[in-house]
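The chain contents come next:
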Amino acid sequence: MVRIVVDVKLKPEILDPQGRAVLGALGRLGLSGVSDVRQGKQFVLTIDGEVTDEKLAQINHIAETLLSNPVIEDFTVQVQK
Amino acid sequence: MTVDTVGQAKESPVQEQPFKELGLKADEYERIKEILGRRPTSSELAMYSVMWSEHCSYKSSKVHLRQFGEKAPHSDALLVGIGENAGVVDIGHGWAVTFKVESHNHPSYVEPYQGAATGVGGIVRDIISMGARPVAVMDPLRFGDPHNPDTRRVLTGVVSGIGGYGNCLGLPNIGGEIVFDPSYQGNPLVNALCVGTMKHEDIHLAAASGVGNLVILYGARTGGDGIGGVSVLASETFDADGPAKRPSVQVGDPFMEKLLIECTLEVLHSGLVEGIQDLGGAGISCATSELASNGEGGMHVWLDRVLLRDHTLSPEEILMSESQERMCAVVLPDKVEEFLAVCKKWDVEAVVIGEVNASGRLTVDWHGEQIVDVPPRSVAHDGPVYERPYARPEWLDARQSDAPTAQRLARPTTAQDIRETLLRMVAAPNLAAKTWVTSQYDRYVMGNTVLAQPEDSGMIRVDEETGLGVAVSTDCNARFAALDPYRGAQLAFAESYRNVAVTGAVPLAVTNCLNFGSPEDPAVMWQFEQAVTGLADACLDMGTPVTGGNVSFYNQTADVAIHPTPVVGVLGVIDDVNRRTPMAWHEDGELIYLLGDTADELAGSEWAHEIHAHLGGLPPVLDLNKERTLAEILVAGSRDGMLSAAHDVSDGGVAQTLVEMALRADIGARVWVPDNLDAFVFLWSESATRAVVAVPRSEEMRFSAMCEARGFTSTRIGVVDSKIGQEHAVSGQALRIENVYGAEVTLALSDLREASEKTLPALFG
Chain A
1 MVRIVVDVKL
11 KPEILDPQGR
21 AVLGALGRLG
31 LSGVSDVRQG
41 KQFVLTIDGE
51 VTDEKLAQIN
61 HIAETLLSNP
71 VIEDFTVQVQ
81 K
Chain B
1 MTVDTVGQAK
11 ESPVQEQPFK
21 ELGLKADEYE
31 RIKEILGRRP
41 TSSELAMYSV
51 MWSEHCSYKS
61 SKVHLRQFGE
71 KAPHSDALLV
81 GIGENAGVVD
91 IGHGWAVTFK
101 VESHNHPSYV
111 EPYQGAATGV
121 GGIVRDIISM
131 GARPVAVMDP
141 LRFGDPHNPD
151 TRRVLTGVVS
161 GIGGYGNCLG
171 LPNIGGEIVF
181 DPSYQGNPLV
191 NALCVGTMKH
201 EDIHLAAASG
211 VGNLVILYGA
221 RTGGDGIGGV
231 SVLASETFDA
241 DGPAKRPSVQ
251 VGDPFMEKLL
261 IECTLEVLHS
271 GLVEGIQDLG
281 GAGISCATSE
291 LASNGEGGMH
301 VWLDRVLLRD
311 HTLSPEEILM
321 SESQERMCAV
331 VLPDKVEEFL
341 AVCKKWDVEA
351 VVIGEVNASG
361 RLTVDWHGEQ
371 IVDVPPRSVA
381 HDGPVYERPY
391 ARPEWLDARQ
401 SDAPTAQRLA
411 RPTTAQDIRE
421 TLLRMVAAPN
431 LAAKTWVTSQ
441 YDRYVMGNTV
451 LAQPEDSGMI
461 RVDEETGLGV
471 AVSTDCNARF
481 AALDPYRGAQ
491 LAFAESYRNV
501 AVTGAVPLAV
511 TNCLNFGSPE
521 DPAVMWQFEQ
531 AVTGLADACL
541 DMGTPVTGGN
551 VSFYNQTADV
561 AIHPTPVVGV
571 LGVIDDVNRR
581 TPMAWHEDGE
591 LIYLLGDTAD
601 ELAGSEWAHE
611 IHAHLGGLPP
621 VLDLNKERTL
631 AEILVAGSRD
641 GMLSAAHDVS
651 DGGVAQTLVE
661 MALRADIGAR
671 VWVPDNLDAF
681 VFLWSESATR
691 AVVAVPRSEE
701 MRFSAMCEAR
711 GFTSTRIGVV
721 DSKIGQEHAV
731 SGQALRIENV
741 YGAEVTLALS
751 DLREASEKTL
761 PALFG
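Protein chains in written order, with this note's numbering: chain A, 1 to 81; chain B, 1 to 765.
In isolation and in its complexed conformation, chain A is listed as follows (with noise of 0.2 angstroms):
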């Protein structure tokens, strides 16, 4: 089994409304020195076997047209060993 990562998140010039909520929050509760924060979302998905080219591509495709929305989000795919 090998667990593949997706990291899904907006792009930078898109407004993350919850990152800034994350922000002001940080403020309110005194703590400094933080100055952006984006939020995004992971994926784990474990397959059976090993990885190879073929099942990447497929993890491409599955995080390009599921996990993200590719208009306003970047992701990477990422194997963990």
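Some hints could be false.
To be verified - In silico DSS-like cross-links for lysine-lysine, where the CA-CA straight-line distance does not exceed 30 angstroms:
{"hint": "1", "chain 1": "B", "residue 1": "K199", "chain 2": "B", "residue 2": "K59"}
{"hint": "2", "chain 1": "B", "residue 1": "K258", "chain 2": "A", "residue 2": "K9"}
{"hint": "3", "chain 1": "B", "residue 1": "K62", "chain 2": "B", "residue 2": "K10"}
{"hint": "4", "chain 1": "A", "residue 1": "K11", "chain 2": "B", "residue 2": "K258"}
{"hint": "5", "chain 1": "A", "residue 1": "K41", "chain 2": "B", "residue 2": "K258"}
{"hint": "6", "chain 1": "A", "residue 1": "K11", "chain 2": "B", "residue 2": "K199"}
To be verified - Okay, the calculated beta carbon distance ranges per label pair:
{"hint": "7", "chain 1": "B", "residue 1": "R152", "chain 2": "A", "residue 2": "D74", "range": "22 to 28 angstroms"}
{"hint": "8", "chain 1": "B", "residue 1": "D397", "chain 2": "A", "residue 2": "D74", "range": "27 to 33 angstroms"}
{"hint": "9", "chain 1": "A", "residue 1": "V8", "chain 2": "B", "residue 2": "H269", "range": "41 to 47 angstroms"}
{"hint": "10", "chain 1": "B", "residue 1": "N148", "chain 2": "A", "residue 2": "V8", "range": "24 to 30 angstroms"}
{"hint": "11", "chain 1": "A", "residue 1": "N60", "chain 2": "B", "residue 2": "E520", "range": "39 to 45 angstroms"}
{"hint": "12", "chain 1": "B", "residue 1": "T2", "chain 2": "A", "residue 2": "V8", "range": "53 to 59 angstroms"}
{"hint": "13", "chain 1": "A", "residue 1": "R38", "chain 2": "B", "residue 2": "E387", "range": "47 to 53 angstroms"}
{"hint": "14", "chain 1": "B", "residue 1": "L618", "chain 2": "A", "residue 2": "N60", "range": "52 to 58 angstroms"}
{"hint": "15", "chain 1": "B", "residue 1": "E387", "chain 2": "A", "residue 2": "D74", "range": "44 to 50 angstroms"}
{"hint": "16", "chain 1": "B", "residue 1": "Q416", "chain 2": "A", "residue 2": "M1", "range": "56 to 62 angstroms"}
{"hint": "17", "chain 1": "A", "residue 1": "R3", "chain 2": "B", "residue 2": "E520", "range": "50 to 56 angstroms"}
What the hints assert, rightly or not - Some chain B residues well away from chain A (every beta-carbon gap over 10 angstroms; in silico):
{"hint": "18", "residue": "C56"}
{"hint": "19", "residue": "A77"}
{"hint": "20", "residue": "N148"}
{"hint": "21", "residue": "S323"}
{"hint": "22", "residue": "Q324"}
{"hint": "23", "residue": "L423"}
{"hint": "24", "residue": "P519"}
In case anyone wonders, no lab produced these hints; they're calculated from the structure.
No residue lacks a Cβ here, since even glycine has one placed at the ideal position from N, Cα and C.
Dock chain B against chain A, hints included.
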């Protein structure tokens, strides 16, 4: 980063500029040079290109839209007419209402969730900039073929976007439409309507008067939203390693918008504001040039003071950014401190970005260098105006002569056929229950919703003491407009007018959202001209002025335009919402009447569309005098307690109306086909100016006498009967139709309900 200054523009008069990429025509570019007496700077070019776009300048529609003003009927109720952010109507007791509908079609196709969400946000800001508190929203939506997989992508995104944004704002969504037609496949229509209420003294207008007054930009920070088009300029001014591309998708933040609503209403009601303007399309370019040209003087802006989310933005991009949840206010210098304090209280960032002056020019500085120096009117109001050629398309004759006669389209001829057709029609995507969509919206938040989907109109209580309220409906059968745009627009108006009257409210004012194909196509332009003329004529005739609206062109894929879709919203007032007429009948023995005349009018009907995918013939005949009489009967019937229920007859004909009333009540009825009508025509014709009402037995004489006195046809077609199922071996409640080709049709309401309610979840759930 190098900046193109006014000085440079004077020194280097000949420099190639990407005006074409920004959507400007060569002659428009020449005109800008003529106005300025030099080439524009890249910032000026950005401003002109976006303000002279079809969306902002109405350059193709202006010459026709004038009719709404020229043919406006006199109305004492109209406090603010066309031209402001939204019209304002007097509803009595010192209360005023403002309402407007706008399109957000193209963004919603690219990114359905954010496109629809920011559509709601935009129309809400239009309403608050009039000084009104938003109290309800509605969304007329149109999608492609329900079975096309892309429809699922668009519809689910749009519906969650509307729900997500509207629900977070705490605004009830009280109605609208959902229509499917293949003509919208690549061009879904997402129109958003908002209603706001205020006291007369709180009305505010967008103007920057008073030399020395300061211009404050407040709300969300400015980022690179919605400026995909301007990247051609950015690529010129940016260094080679700068960001290559900007998104054209705006992202909304409803929680910010909520703060903006409260903050704006507080500064307005505390008398801290001289003029106010929301930022929508064309952002700061639009707000500053419109404020300046509606006032009397000029304005100076320090653009580098604008608070940014993204510090790599160029001045051109800042001017054009469509970042959401921003407003612009003009404030007396000695009130600025108080204004900023209110903003701080609501956690809204605000900064003084400019000053009103007497120069007659709009000037913009960027870190001490002048980058814009223009006459503000030339940007905001004196843009190009086109008399686009228009011509009745040749293919229309063939379409209009292809009438859906009994020979052309097979009709049901037996009771069994009628039964099968009924079950199929009830389940048709356009007629099926929309609960799956509307249950994703909050309909009752704020506690003033009196009526919401699936009722004919949405109704909101405005004044708790008196029960004063307003009813709003939006309608358009675009197939009628495709057959005859003049009459189609009038029929859309008539249906909306009727839907308001059916609830017992008196129709007062009109807004519209005119969705069409490319204005460069003479056939589309003809449809537009016809629809505007039809609507303006009808509004004049009926005494309901158009208070504002929106035009959306270029809804077409390659050469194929959408059906002309002039969505008409009508607002009515009701003295006391407690006497509203609901659509569901109440109890056994109530008599069911059909008001109005039924003819063999199936062209453009839902039956022709659903069963035969046919579109041809001429739309139903419309007599506005009769429409007015019907409305008077419905309003008087409600006021004098003669009606226990009323429901408009439109899409799907009398059959659909009866099914909806029975399902809403969950009480059965016995109905018969009048002897002078063919059963099929009676059930599915879409003749205009009709409604089905339920009358308590004690009121029958009085009601019939009223209809007769007004010379309006009323036909008794049935009686409410909760035992009818039992009597005919159907379990539970039933709808029984008699005199159907010598036989009867009895359907369990549970079967009808299942057919109606399963369609949308099966397609999109």
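Going through the hints against the structure:
1. A distance of roughly 35 angstroms separates the Cα atoms of B:K199 and B:K59; the hinted pair therefore is violated under the 30 angstroms criterion.
2. Between the alpha carbons of B:K258 and A:K9 the distance comes to roughly 25 angstroms, so the proposed pair stays at or under 30 angstroms and holds.
3. The hinted pair formed by B:K62 and B:K10 fails the criterion: a straight-line CA distance of about 33 angstroms is larger than 30 angstroms.
4. Under the criterion of a C-alpha separation no larger than 30 angstroms, the hint pairing A:K11 with B:K258 is consistent with the structure, at around 25 angstroms.
5. Proximity of A:K41 to B:K258 is assessed by CA-CA distance (about 26 angstroms); at most 30 angstroms being required, the pair is judged to hold.
6. With a CA separation close to 43 angstroms, the supplied pair A:K11 and B:K199 exceeds the 30 angstroms bound.
7. Here the CB-CB span from B:R152 to A:D74 is close to 25 angstroms, well matched to the stated 22 to 28 angstroms.
8. Between B:D397 and A:D74 the beta carbon distance is about 53 angstroms. The supplied range of 27 to 33 angstroms is therefore violated.
9. The given range of 41 to 47 angstroms is respected by A:V8 and B:H269, whose C-beta atoms sit roughly 43 angstroms from each other.
10. Look at B:N148 against A:V8: about 27 angstroms separates their beta carbons, and that is inside 24 to 30 angstroms.
11. Between A:N60 and B:E520, the C-beta spacing of about 41 angstroms keeps the proposed range 39 to 45 angstroms intact.
12. Checked against the hint of 53 to 59 angstroms, the C-beta distance between B:T2 and A:V8 comes to roughly 36 angstroms, which is inconsistent with it.
13. At about 50 angstroms, the CB distance of A:R38 to B:E387 agrees with the hint of 47 to 53 angstroms.
14. In this structure the supplied range 52 to 58 angstroms holds for B:L618 paired with A:N60, their Cβ-Cβ distance being about 55 angstroms.
15. Here the CB-CB span from B:E387 to A:D74 is close to 47 angstroms, well matched to the stated 44 to 50 angstroms.
16. At roughly 60 angstroms, the beta-carbon separation of B:Q416 and A:M1 lies within the given 56 to 62 angstroms, and the hint holds.
17. Checking the proposed 50 to 56 angstroms range against A:R3 and B:E520 shows it holds: the Cβ atoms sit about 55 angstroms from each other.
18. Residue placement check: B:C56 keeps its beta carbon more than 10 angstroms from all beta carbons of chain A (closest about 22 angstroms).
19. Separation of B:A77 from chain A is adequate, the least Cβ-Cβ distance of about 39 angstroms exceeding the 10 angstroms criterion.
20. For B:N148, the condition that its CB be more than 10 angstroms from all CB atoms of chain A holds, with the nearest at approximately 17 angstroms.
21. With a least CB separation of 7 angstroms from chain A, B:S323 falls inside the 10 angstroms interface cut-off, contrary to its annotation.
22. Not every Cβ of chain A is farther than 10 angstroms from the Cβ of B:Q324; the closest lies at roughly 8 angstroms, contradicting the non-interface assignment.
23. Against the 10 angstroms criterion, B:L423 stays outside the reach of chain A, whose nearest CB is about 36 angstroms from its own CB.
24. The non-interface label for B:P519 is consistent with chain A: the shortest C-beta to C-beta separation is roughly 28 angstroms, beyond 10 angstroms.
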